[in-house]
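**Q** Chains as they are written, first to last, in my numbering: chain A, 1 to 120; chain B, 1 to 393.
Quick caveat, the hints were computed from the structure, so don't treat them as lab data. Heads up, the beta-carbon is just placed ideally off N, CA and C, and yes, glycines get one too. Please note: incorrect hints may appear among the correct ones.
[Stated by the list, open to error] Where chain B lies over chain A, by a calculated footprint (3+ residues, C-beta under 8 Å):
id, stretch
1, 36-47
2, 69-77
3, 80-90
4, 94-106
[Claimed, not checked] The following residues of chain B were derived to be distant from chain A, with all beta-carbon distances above 10 Å:
id, residue
5, 19
6, 87
7, 171
The residues making up each chain are set out below.
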Amino acid sequence: MSGNSNPSRGGDPAKKAGLAKGTKSADRCDLDFSVDLSTVKLQVVRNLATGTILAVELTSIGRLQAVICKEPGGGVVGTLAAFEGLADLIDCMHRGNSYTATILRISGATCTVHVRRKAQ
Amino acid sequence: MIVVGGTYLEVCLRPEWRRLFGSGLRAACAVAELSPGTVVHTYGFEEWKKDIEYSAAALQCEAKVTSIKDAISFSYDHPLSSAIQHPQSPKQNSSLRVSGDTVLRFGFVEGDAIVAAEYAVYDPQFCDPAVSFRSNGSVAKHLAVVLSEEEAAALGHDNRPAIQALMEHHGAEVIVLKCGPRGAIVHVREGNTTEIHPYWSNSVFKIGSGDVFSAAFALYWGERRINPATAADLASRSVAQFVDGHNLPLHEASYDKDRSAVMPATNNKIYLAGPFFDLAQRWMIEETLQTLKRLGATVFSPLHEVGTQQSSVEIAHADLRGLVACSKVLALLDGMDPGTIFEVGYARALNIPVVALVERFEPEHLTMFEGSGCEIMHDFTTAIYRTIWTKGQ
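My request is simple: use the sequences and hints to build the entire structure.
**A** Laid out in structure tokens, this is it:
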């Protein structure tokens, strides 16, 4: 059997693990998930290629924080937002965990990245 | 702008999608850059409250979340399929109350919103459009009601008496009917009816496009006080920006003057080419046929028009007679069925445009298709829209 499980059938989709709800229960900050970036900067992403490793950083927006992804030259490529577990990711970053986002696919304005924790 | 609408988990099989958006959060994120200070008032599952607040901040708006016990989700097989709501009957929560100069109100499955606004745009979504905007105590000096494709179809796109009655019922001065790939129709009280073209985009991600239309219309009509027809045209251009990869936040649609309108097709009969030799293939043919028909296309499906119970000669001749009478071919190429490939070649030899849907492929297999001018699409929704649409000048 290959491919991904069907998320829309067989019960409540919300009960399946969310994107950034760590699958390794012993360490909730050992996150490993793929997601499309939000607020993609087209002028930056068009110069990048699949496999590029982006830095995952926190930035302050008012009283809250957002997670941005930067290319090696320091340009912001986009943000990680609008998924279950975003608050956990931010909390884990506050606790000293660092993450990278590797570009899996670029198609027009869509930039899919694989987020995982850096080795300690 | 003030937005009041739901934040839900959205799940889609193809393309894979598992995100927290819903009408309210998406609409606020859509206009956040063009309307600084945008706030969305929403219900949100208690475990998602912080996720929603952080997400709104990342997309340059603010979310005021009322926690609820239900984790409400909408699941799709693909973006043109019907959504499955879970739970089917969520607990009803106390109404949200919002007021502001310009308010965009969406219908909820888990509650209601009482609005006081100078300009209000009401998109009933899941709620019965026959229930007046004002019936829960909402007030607006100027009101526009934006109806979904399904609601618009039920009402009748050009049924002026019914639309006039709906306008009176809501106390609205504008009714906008969203018509999917055919754009929108704007009805103004004691005024003209204006058809709004859809605009071309390289890809089509359909989930949430109606939310974005309503958001952009609220921005241009409600906040900027642009006339309804122009505001709807700008909203349609905004949708074209959005669907090309769920591209948010929106930028000024007026800068998109070079974007081509999609023209109404004439004699747009579609030949549906694809294999139907096992359950998966048969399901795909049926799903594609029903989707095309639901979007208003006329389709020649060899399986349905000719069948499989005749001789090879009779089947081939009948299929090809059907093909030459069509203006475009949608070819389901996965599996590289010889019959489908033959039909594509036959069509191209006759200069009939071909849109080919290919989800699994080896690049070298596409040489002749690309080289003979087929449009190769890797996504079902985009392939359907490209089949229906004709690019204008």
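**Q** State for each hint whether it applies.
**A** Hints versus structure:
1. 36-47: holds (count 4)
2. 69-77: Violated, because only 0 residues of the stretch 69-77 of chain A bring their Cβ atoms closer than 8 Å to Cβ atoms of chain B.
3. 80-90: With 9 residues closer than 8 Å to chain B, the stretch 80-90 of chain A meets the three-residue bar; holds.
4. 94-106: This one is violated; 0 residues, fewer than the three required, reach chain B with a Cβ under 8 Å.
5. 19: Not fine: 5 Å to the nearest Cβ puts residue 19 of chain B too close to chain A.
6. 87: violated (7 Å)
7. 171: holds (35 Å)
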